[in-house]
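*Asks:* Letter by letter, the chains look like this.
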Amino acid sequence: MTQPERPFDLLNKEIGQTILIRLKGSLQIRGKLTSFDIHMNLVLQDAEELEEGELKSKVGTLLLRGGNIIYISPV
Amino acid sequence: MTQPERPFDLLNKEIGQTILIRLKGSLQIRGKLTSFDIHMNLVLQDAEELEEGELKSKVGTLLLRGGNIIYISPV
Amino acid sequence: MTQPERPFDLLNKEIGQTILIRLKGSLQIRGKLTSFDIHMNLVLQDAEELEEGELKSKVGTLLLRGGNIIYISPV
Amino acid sequence: MTQPERPFDLLNKEIGQTILIRLKGSLQIRGKLTSFDIHMNLVLQDAEELEEGELKSKVGTLLLRGGNIIYISPV
Amino acid sequence: MTQPERPFDLLNKEIGQTILIRLKGSLQIRGKLTSFDIHMNLVLQDAEELEEGELKSKVGTLLLRGGNIIYISPV
Amino acid sequence: MTQPERPFDLLNKEIGQTILIRLKGSLQIRGKLTSFDIHMNLVLQDAEELEEGELKSKVGTLLLRGGNIIYISPV
Amino acid sequence: MTQPERPFDLLNKEIGQTILIRLKGSLQIRGKLTSFDIHMNLVLQDAEELEEGELKSKVGTLLLRGGNIIYISPV
Numbered sequence: 001m002t003q004p005e006r007p008f009d010l011l012n013k014e015i016g017q018t019i020l021i022r023l024k025g026s027l028q029i030r031g032k033l034t035s036f037d038i039h040m041n042l043v044l045q046d047a048e049e050l051e052e053g054e055l056k057s058k059v060g061t062l063l064l065r066g067g068n069i070i071y072i073s074p075v
Numbered sequence: 101m102t103q104p105e106r107p108f109d110l111l112n113k114e115i116g117q118t119i120l121i122r123l124k125g126s127l128q129i130r131g132k133l134t135s136f137d138i139h140m141n142l143v144l145q146d147a148e149e150l151e152e153g154e155l156k157s158k159v160g161t162l163l164l165r166g167g168n169i170i171y172i173s174p175v
Numbered sequence: 201m202t203q204p205e206r207p208f209d210l211l212n213k214e215i216g217q218t219i220l221i222r223l224k225g226s227l228q229i230r231g232k233l234t235s236f237d238i239h240m241n242l243v244l245q246d247a248e249e250l251e252e253g254e255l256k257s258k259v260g261t262l263l264l265r266g267g268n269i270i271y272i273s274p275v
Numbered sequence: 301m302t303q304p305e306r307p308f309d310l311l312n313k314e315i316g317q318t319i320l321i322r323l324k325g326s327l328q329i330r331g332k333l334t335s336f337d338i339h340m341n342l343v344l345q346d347a348e349e350l351e352e353g354e355l356k357s358k359v360g361t362l363l364l365r366g367g368n369i370i371y372i373s374p375v
Numbered sequence: 401m402t403q404p405e406r407p408f409d410l411l412n413k414e415i416g417q418t419i420l421i422r423l424k425g426s427l428q429i430r431g432k433l434t435s436f437d438i439h440m441n442l443v444l445q446d447a448e449e450l451e452e453g454e455l456k457s458k459v460g461t462l463l464l465r466g467g468n469i470i471y472i473s474p475v
Numbered sequence: 501m502t503q504p505e506r507p508f509d510l511l512n513k514e515i516g517q518t519i520l521i522r523l524k525g526s527l528q529i530r531g532k533l534t535s536f537d538i539h540m541n542l543v544l545q546d547a548e549e550l551e552e553g554e555l556k557s558k559v560g561t562l563l564l565r566g567g568n569i570i571y572i573s574p575v
Numbered sequence: 601m602t603q604p605e606r607p608f609d610l611l612n613k614e615i616g617q618t619i620l621i622r623l624k625g626s627l628q629i630r631g632k633l634t635s636f637d638i639h640m641n642l643v644l645q646d647a648e649e650l651e652e653g654e655l656k657s658k659v660g661t662l663l664l665r666g667g668n669i670i671y672i673s674p675v
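The listed protein sequences derive, respectively, from chains A, B, C, D, E, F and G. Quick note on numbering: our numbering labels position 29 of the first sequence as 29, and the sequence is numbered without any gaps. Take any residue in the second sequence, note its place counting from 1, add 100, and you have its number in our numbering. Take any residue in the third sequence, note its place counting from 1, add 200, and you have its number in our numbering. Take any residue in the fourth sequence, note its place counting from 1, add 300, and you have its number in our numbering. Take any residue in the fifth sequence, note its place counting from 1, add 400, and you have its number in our numbering. Take any residue in the sixth sequence, note its place counting from 1, add 500, and you have its number in our numbering. Take any residue in the seventh sequence, note its place counting from 1, add 600, and you have its number in our numbering.
One chain only, chain A, in its complex shape (with noise of 0.2 Å):
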């Protein structure tokens, strides 16, 4: 018998893919995935800032704090 998926498994599958995280407020970041834990914190590399879409500053690398998000995407 096969253990169900759960919803973490996503961001194990995405290690080194590019990914959108929707952040509470209007700010949404997309970089590529280094490592996550259990609170969701995430780290990111060639992260960007984006606001309504748009490109709005290019950060880097990041530590993202799990707290603030309200979905992450696989792009």
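Simulated from the structure, these hints should not be mistaken for lab results. Positions of the beta carbon are idealized from the N, C-alpha and C atoms, including for glycine. Errors might be hidden in some of the hints.
Distance ranges between label pairs, derived from CB positions [said to hold, decoys possible]:
id, chain 1, residue 1, chain 2, residue 2, range
1, D, Lys356, F, Ser526, 30 to 38 Å
2, G, Ser657, F, Asn512, 24 to 32 Å
3, E, His439, D, Lys356, 23 to 31 Å
4, B, Lys132, F, Glu554, 51 to 59 Å
5, C, Lys232, B, Gly116, 20 to 28 Å
6, A, Gly25, G, Ser657, 35 to 43 Å
7, D, Lys332, E, Pro474, 34 to 42 Å
8, C, Pro274, G, Arg606, 43 to 51 Å
9, D, Lys332, G, Val675, 56 to 64 Å
The hints should help you fit chains B, C, D, E, F and G onto chain A, whose structure is shown.
*Replies:* The following block gives chains B, C, D, E, F and G in isolation, referenced to the frame of chain A:
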């Protein structure tokens, strides 16, 4: 004697079905439920953002944090 | 000696009955209570959204997160 | 040696009495206290909503979540 | 060797004394401290609401939830 | 081998010294640190409220809840 | 077999380096990381407040509560 039903049983029944999620703020998400956990974190496929019931954008797969959910409804 | 009554006893009595839920913000939900858990997560059937007491939309079945509830009242 | 009094002792004394509850935002609730738990969830009977001290609507019985309470006062 | 003093020691010393509490938002409460617990829930007697330092209304006895407190000051 | 330093070590060193605390919202508090606990609850003496760096009022002794703090800085 | 990397490993590598912290609201803090704990509380040296990327004030040493952080980025 049967166990009384519990709220998460509804999520179990909706795996593979399309659900509508109303979030804090005016955002709604509609998509096919793939997995969930005890924090009500959800993975959806073919997900779409709606605002006031109108399609705003197609997102595809997404991992939604449970903490921002007001309610979940089968569609 | 009888146990003193506790707030959740009210929810137990209301299973199968119509209740009105006032949420943070101006939203109210009315529906028939099917199940609940210790976080006050509720499943409702024939649920409707109200605003300022007026019907806004019919939702059907829904799973409501307890964290957004201000109060629950039998109707 | 007597135990020092604790804040929840006040709720114990007010069972069956009318209390006024000030909530976050401008809403106040007045009603007869029936039961409470350690989260300060309360059941009230003959409850009324007030705003700025004026009667807004009669609600009857209600289960109020403790998390929205600013203070509780005997009347 | 003496134990270092801790913040709650201040509340112990203020039992029976008048204190001023500044809450989130613009509300302040002044009253005589009767009891407190580890969540900083307080019972006050002869309590008054103030706004911008001016008396707004007399409340009498009240149970104040700790979660809304910014600071407590002896007066 | 020495233990790595931790953020609360800064508070230990500042006991008896004047610190500036920036709170959520525009409020700042300046005063002499007397005690603290693991929730970052602080007792200050000769405390003053500031707004935009200007003295607003003298409060004297106060117990500040840690949950509203953005940062603490020695002055 | 090596342990997978985790988000807090980034903080370990940045000890002694300058980092930029974006907080809830419009405030940003830039400074040299001295220490951190599991709540993402940080001590910074030579810290500066920025708003919209422009220097607002020099703060010096500060202890920043983790709960207000959106992200941390090496500069």
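*Asks:* Each hint should be assessed against the structure and marked as holding or not.
*Replies:* Each hint, compared with the structure:
no.: 1; hint: Lys356/D x Ser526/F: 30 to 38 Å; in the structure: holds (32 Å)
no.: 2; hint: Ser657/G x Asn512/F: 24 to 32 Å; in the structure: holds (26 Å)
no.: 3; hint: His439/E x Lys356/D: 23 to 31 Å; in the structure: holds (30 Å)
no.: 4; hint: Lys132/B x Glu554/F: 51 to 59 Å; in the structure: holds (56 Å)
no.: 5; hint: Lys232/C x Gly116/B: 20 to 28 Å; in the structure: holds (26 Å)
no.: 6; hint: Gly25/A x Ser657/G: 35 to 43 Å; in the structure: violated (24 Å)
no.: 7; hint: Lys332/D x Pro474/E: 34 to 42 Å; in the structure: holds (35 Å)
no.: 8; hint: Pro274/C x Arg606/G: 43 to 51 Å; in the structure: holds (48 Å)
no.: 9; hint: Lys332/D x Val675/G: 56 to 64 Å; in the structure: holds (60 Å)
The structure is inconsistent with hint 6 alone, although it conforms to all the rest.
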